[in-house]
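Each chain is listed here by its residues.
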Amino acid sequence: MPNHILSVNDITMQFGGVVAVNNLTLEVNENEIVSLIGPNGAGKTTAFNVITGVYAPTNGAVYVKDNMITSNFPKSSMKKLYAGENNGKYTTTMRKTPDQITKLGVARTFQNIRLFKELTAFENVLIAKHMLYKSNFLSATLCLNRKEEKAMREETMKLLDILGLTDVKDEIASSLPYGQQRHLEIARALATNPQLLLLDEPAAGMNPQETDELTKFIYDIRKKFNLTVFMIEHHMDLVMDISDRIYVLDFGKLIASGTPEEIQNNQRVIDAYLGVQEDGE
Amino acid sequence: MKKSKNLIYSAIFGVIILLLLFFLEANKFQYGMAYTILQKGMILAVVAVSMNLVTGFTGLFSLGQAGFMAIGAYVTGIFLIPSDSISEVYYISGVNPAIASFKNWLESGPAFLQPIIPYLALIIGGLLAALFAAVIGYPVLRLKSDYLAIATLGFSEIMRAIISSPQMDRVTNGSYGLKKIPGFTSIFEPFGIMVVCILLMVLLLRSTYGRAFRAIREDEIAAEAMGINLAKHKQMSFIIGSFFSAISGGMLAMFMRSIDSKSFSVSLTYDILLIVVIGGIGSVSGSVIAALLVTASKEWWLRFFDNPLFIGGVQIPLFRTGFRMVIFSVILLIVVLFYQRGIMGKNEFSWARLEKRLLKLFKRGGAKNA
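Line by line, the protein sequences give chains A and B. When you number the first sequence by our numbering, it's gap-free, plus one each residue, and the end is 281. When you number the second sequence by our numbering, it's gap-free, plus one each residue, and the end is 370.
By construction, these hints were calculated from the structure, which means they are not laboratory data. Hints should not be assumed to be uniformly reliable.
With a straight-line cut-off of 27 Å between C-alpha atoms, the simulated BS3-like cross-links for lysine-lysine are [what the hints assert, rightly or not]:
#	chain 1	residue 1	chain 2	residue 2
1	B	Lys-298	A	Lys-117
2	A	Lys-117	B	Lys-180
3	A	Lys-147	B	Lys-144
4	A	Lys-150	A	Lys-134
Just so you have them, the derived chain A footprint on chain B, three or more residues with Cβ under 8 Å [to be verified]:
#	region
5	106-114
6	194-205
7	225-231
By construction, the Cβ of each residue, glycine as well, lies at the ideal position given by its N, Cα and C atoms.
Using the sequences provided together with the hints, build the complete structure.
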């Protein structure tokens, strides 16, 4: 039996009357590259935000390895009106905050790059190291944690070196070219020593050549850091090239899952992307 | 090479400052104005930097500074008023017997302890303010931007109302305030406290916690996704900021020698906010420079406008008491219009930058002469 690093069980996410994600169940195994695709507004990013703890789901549960990170968290009576098909199955109510989830080894990037814009590339990555060290603010203020500080800086340099960002380490993050900002965001995520990396549209706004490079890059970092990658993507080339398995969402519902070949030949997926031809007129 | 040059510059600068202070200390009656302005500037520098720590570096728009300063000031005042004159100060309703006996106990303590008492008072005031900050920070720090500002402003007003309430008459002397607080013995005392406080805050900001604070300022969601516990770090920044604000409040009590609840009204917070904005939100050195500049121009350099001015025997009608505040406001407008990010922006003072600036200025001047 494969080792699930992430399992999402019956997630339903409702915003008022809108059901953004409807009974989503999926698994990501160790060392896989799994993609979540779907047309615009299908609920992919919402699903991501539930997994990383930004939103609390209306129903369902998310596990990272064996740790439940979020479960059935209806915030208001409004949300209880519709809690998905498996309503009542998940009765324990708990929620971990995003920082606690990151500590469990789940790192993420954002769809619209969210770097610390006015800080340098080096500081951006260095900040992500903060949670890995235990020095308290007194010892940090009085410079009693020199060893930790030094280790932090060395690890950051090493990481920037691996990702080819050493040349720009003193540049302000917002002044970097777009592609490098994407790389830097991934570098920052990797600095938290994750086992599972969640990429939210890593190829958004990239041309075909850059997308090719990104494919190589993702393979590279998976190998170097022994990662599992779960990503949302729109570029079909990239998705078909890189993924071990693909999940397809449409209107919040999972409509297909399987290997790239299976997905390419799945009629429902083609319908969802190209639209169904109506008879008559 | 470059580092040693900076070190030499800084050392020379430090020596000049010390010499200046020695000179002022020796001639304090001759240069009374400069002497007091410098002291007040130093005190405001501490609170401005502490506000910058919270507002400029952590991105929490807090306007509770005056409240925390009041706590520090009153604790320091109660600690320091000599027990001989305490009945004179609390002449309306008398002093709480617990405070009186505590003061007797303090003053009968060993002799070596006596010179430390002011510092002890400052620290205890700071700790009490930190405690208050922890209690109100827990609910209040969930709020964002303007809402946080309003909530903290409310706290500061509540603090003032509590202090001046008749129920507190026997502790804070209600609305009559505290008098006869022994002041600083020399200008080196506030200078030393200021240097230590600001140094501590700078070290904190340069540590890994300071970086986490800045991450929160830049992008809360990203910071949280990078494993930074938002609640904990915001709380920490707020508490530390309040601690240093209270220390500055205690210094203010020692500087003014008599305080009442009105000295810690909202306008004090705005004065500090003004300093922070003019110096640059997110720049420690900017806050220090602005604290000195704003205090000096408000209280001293613009005094000229308050005196009646005669040109050719005709009195210019605008020049009268209060006119300096008009000029001050105009200057503020100009500064805010043309230096939108304050004197220093988010940068810190560095000798290299100053050198570049001066060289540029010099070159431009040279070109004009040629």
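Going down the list of hints, with the structure as the test:
Distance hint between B/Lys-298 and A/Lys-117 is unfulfilled; the C-alpha atoms sit about 36 Å from each other, more than 27 Å. Of the pairs offered as hints, the one joining A/Lys-117 and B/Lys-180 is violated, with about 51 Å between alpha carbons and a cut-off of 27 Å exceeded. Of the pairs offered as hints, the one joining A/Lys-147 and B/Lys-144 is violated, with about 36 Å between alpha carbons and a cut-off of 27 Å exceeded. Among the hinted pairs, A/Lys-150 with A/Lys-134 is consistent with the structure: their alpha-carbon atoms are about 14 Å apart, no more than 27 Å.
Check result for the region 106-114 of chain B against chain A: violated, 0 residues qualifying (beta carbon to beta carbon below 8 Å, three or more required). Residue count for the region 194-205 of chain B with a Cβ under 8 Å from a Cβ of chain A: 3. That meets the three needed, and the coverage hint holds. Counting residues of the region 225-231 of chain B whose CB lies closer than 8 Å to any CB of chain A gives 6, which reaches the minimum of 3, so the coverage claim holds.
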